[in-house]
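Student: One letter stands for each residue in the lines below.
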Amino acid sequence: MRPATATWPVTSEGGVNPGIAIAAVAVVSVATAVIGFYGLRISRTTGDFYVASRTVRPWWNASAIGGEYLSAASFLGVAGLILLSGTDALWFPVGYTAGYLMLLLFVAAPLRRSGAYTIPDFTEARLDSRAVRKVTSLVVVLVGWLYIVPQLHGAALTIRITTGLPSWAGSVAVVIVVCLTVAAGGMRSITFVQAFQYWLKLTALAVPILFIIFMLAGNGTPELSPPAANPTNAPPAGLYQNMSLLVALLFGTLGLPHVLVRFYTNPDGQSARRTTLIVLGLLSVFYLFPTAYGLVGRMFAPGLARAGQADAMVLLLPGELVGGTAGDLLSALVVAGAFAAFLSTTSGLVVSLAGVISQDVLGGGVGGFRLAAVISAVVPLGFAFMTDSFALAGSVGLVFAFTASTVCPVLLLGIWWRGLTDAGAITGMVTGGLLCGGAMIIGAMAGAASIPAWLAQPAAWTVPTAFAVMVLVSRATAGRVPKTMARVMTRLHTPERPLATER
Amino acid sequence: MTRVRVTAPTTAARPAQETREAAQESDVGQVFVRSLIRSQLRLALVVAGGFLLILGAFPLLLAMVPGLAETRIAGIPFGWLLLGGGIYPVIGLSAWLYTRTAARNEARYRDLAGDQ
Numbered sequence: 001m002r003p004a005t006a007t008w009p010v011t012s013e014g015g016v017n018p019g020i021a022i023a024a025v026a027v028v029s030v031a032t033a034v035i036g037f038y039g040l041r042i043s044r045t046t047g048d049f050y051v052a053s054r055t056v057r058p059w060w061n062a063s064a065i066g067g068e069y070l071s072a073a074s075f076l077g078v079a080g081l082i083l084l085s086g087t088d089a090l091w092f093p094v095g096y097t098a099g100y101l102m103l104l105l106f107v108a109a110p111l112r113r114s115g116a117y118t119i120p121d122f123t124e125a126r127l128d129s130r131a132v133r134k135v136t137s138l139v140v141v142l143v144g145w146l147y148i149v150p151q152l153h154g155a156a157l158t159i160r161i162t163t164g165l166p167s168w169a170g171s172v173a174v175v176i177v178v179c180l181t182v183a184a185g186g187m188r189s190i191t192f193v194q195a196f197q198y199w200l201k202l203t204a205l206a207v208p209i210l211f212i213i214f215m216l217a218g219n220g221t222p223e224l225s226p227p228a229a230n231p232t233n234a235p236p237a238g239l240y241q242n243m244s245l246l247v248a249l250l251f252g253t254l255g256l257p258h259v260l261v262r263f264y265t266n267p268d269g270q271s272a273r274r275t276t277l278i279v280l281g282l283l284s285v286f287y288l289f290p291t292a293y294g295l296v297g298r299m300f301a302p303g304l305a306r307a308g309q310a311d312a313m314v315l316l317l318p319g320e321l322v323g324g325t326a327g328d329l330l331s332a333l334v335v336a337g338a339f340a341a342f343l344s345t346t347s348g349l350v351v352s353l354a355g356v357i358s359q360d361v362l363g364g365g366v367g368g369f370r371l372a373a374v375i376s377a378v379v380p381l382g383f384a385f386m387t388d389s390f391a392l393a394g395s396v397g398l399v400f401a402f403t404a405s406t407v408c409p410v411l412l413l414g415i416w417w418r419g420l421t422d423a424g425a426i427t428g429m430v431t432g433g434l435l436c437g438g439a440m441i442i443g444a445m446a447g448a449a450s451i452p453a454w455l456a457q458p459a460a461w462t463v464p465t466a467f468a469v470m471v472l473v474s475r476a477t478a479g480r481v482p483k484t485m486a487r488v489m490t491r492l493h494t495p496e497r498p499l500a501t502e503r
Numbered sequence: 504m505t506r507v508r509v510t511a512p513t514t515a516a517r518p519a520q521e522t523r524e525a526a527q528e529s530d531v532g533q534v535f536v537r538s539l540i541r542s543q544l545r546l547a548l549v550v551a552g553g554f555l556l557i558l559g560a561f562p563l564l565l566a567m568v569p570g571l572a573e574t575r576i577a578g579i580p581f582g583w584l585l586l587g588g589g590i591y592p593v594i595g596l597s598a599w600l601y602t603r604t605a606a607r608n609e610a611r612y613r614d615l616a617g618d619q
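Protein chains in written order, with my numbering: chain A, 1 to 503; chain B, 504 to 619.
Isolated chain A (complex conformation) (with noise of 0.2 Å):
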């Protein structure tokens, strides 16, 4: 057990060291920033990106996607939910992962034959239609938005629980290191940048809980109450809501803006499905870590969870178990890869919705792309601030929920079926966000624990609402299947050719 906090020069909540929290939110920052412009040296025009996208060995994309997808949620959330919830959490992890098989069944390849580099240019192609782009673009936005507000609720708490300072500081800490390297045009080689991050969040993860986890089996000692017993008297969810959740998850992941942009740096649809495997296996040893978190602290840390601060849980776990300098060290280390994860999910959204919000809003010009930046991370920077945070897996959960009934039917419709019309996306689309963005406000209002199942958790119903009225209204509308349809889904579905150097 770790010495009295109040030894150290200042009192952080958690009693992690300050100094050395501060100092590991800072050389993330940095490295981030480094990484970023040294990368602006290399690809520096559009044909040099397109050169370099066909060089970016499938590992490497791979790294960079896992780590643009870990975010706030994976890295402090889902250990928290399962130190509260135990077995039932571990659907989260489950969903996150399996959220991607489906973009690898559904999605991947056709998106990337698609030659689409944003959502809606995508839906554009698709339906040849404007009204659609627009729609998509607005729905895209909010997405982007509502995603990056638990990213920033992750950071404050971050800042709050290991360094003492007041939230806000975490939160608007996050906002400049992105405009930053965003605006600056440092981002260019997102690539690079993600692809690290994804293995400084698997080393931060990684090696604290290895190290508890040989400290607890070398010392022999005793778990403090059995991974069956509820640290907390909240009730567990019921059956509805995994199943809802689930569905969420499965679905919702496959609309989320910064996935798909990541899919064009590949050559060709198979290796978008090679690529994607990769992925599959980096996600998949990633959660077998916030998993052994959640069950250590509910075997040899319950008290963690009656705190009040459950997400705090990965923070905390190093300090409260392993203590002294090793514990200080541990700790640094958490803090640095919770960094790399609030700054990795966010500047890819930002990146995705500034890319959007520049060409539909401000008529595209690098000027118009630094506005867009700054704009797409000040405005949930003002969520953040008006809303408190709890349980940042299940906020992240709502925002799959949302992503599922608007992006998901319209990407797996338009893919899959010929008959989708432009009334069709649009009818589907504006119906499933308002099915779910009014149950998430309804929810937000009334307090997460007041509200039956079925509002707080939404996507078993809106999900197949959005399908239902997206195809009954493409039906009706028949005589609107654009002309180019046939056309646009042989490019989807046909192997590119290969190339007479290939052979």
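Calculated from the structure, these hints are not laboratory results.
Here the structure is a predicted model, which means the values were calculated and not measured.
Beta carbons are placed, not taken as given, at the ideal position from N, Cα and C, and that holds for glycine.
Treat the hints with care, as some may be off.
What the hints assert, rightly or not - The following label-pair restraints were derived from C-beta to C-beta distances: (1) A:130 x B:563: 42 to 50 Å; (2) A:220 x B:571: 20 to 28 Å; (3) A:169 x B:592: 54 to 62 Å; (4) A:168 x B:606: 24 to 32 Å; (5) A:385 x B:549: 24 to 32 Å.
To be verified - Partial list, derived from the structure: chain A residues whose beta carbon lies under 8 Å from chain B: (6) 87; (7) 90; (8) 164; (9) 167; (10) 291; (11) 295; (12) 423.
Since the structure of chain A is provided, determine the placement of chain B on it from the hints.
Tutor: Only chain B this time, still in chain A's reference frame:
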């Protein structure tokens, strides 16, 4: 230093794609394309369905056999091992099978359509 924004071509597809699509505009070509799309969709649905069945079977197994979830293997309850670790190999295997078969479907299409 020149800086440009990277965007997708919004109107015309690239030349390579043009030839790829033009070659398939005939009725026969479209028959091949439709059959490729059908077989890929069937494959994706079968893999997804199989995976979801196994996913559903895991908690069912734990619920049906009393005490199984609490049985310890190397100090870890079996329920945790199964849901926290055992599902990932299933995901990986499904993904690998799908990738292989999808590439095979495309190779068959290429053989058929390439001979026109």
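Student: Are the hints correct? Go through all of them and say.
Tutor: Right, here's what the structure says about each hint:
1. A:130 x B:563: 42 to 50 Å: At roughly 49 Å between Cβ atoms, residue 563 of chain B and residue 130 of chain A fall inside 42 to 50 Å, so the hint holds.
2. A:220 x B:571: 20 to 28 Å: holds, 27 Å
3. A:169 x B:592: 54 to 62 Å: violated, 42 Å
4. A:168 x B:606: 24 to 32 Å: Because 51 Å falls outside the window, the suggested range is violated.
5. A:385 x B:549: 24 to 32 Å: With Cβ atoms ~48 Å apart, the hint is violated.
6. 87: Holds: closest Cβ of chain B sits about 6 Å from residue 87 of chain A, inside 8 Å.
7. 90: This interface hint holds because 4 Å falls under the 8 Å limit.
8. 164: violated, 34 Å
9. 167: violated, 31 Å
10. 291: The hint holds - residue 291 of chain A has a Cβ within 8 Å of chain B, the shortest such distance being about 4 Å.
11. 295: holds, 6 Å
12. 423: violated, 22 Å
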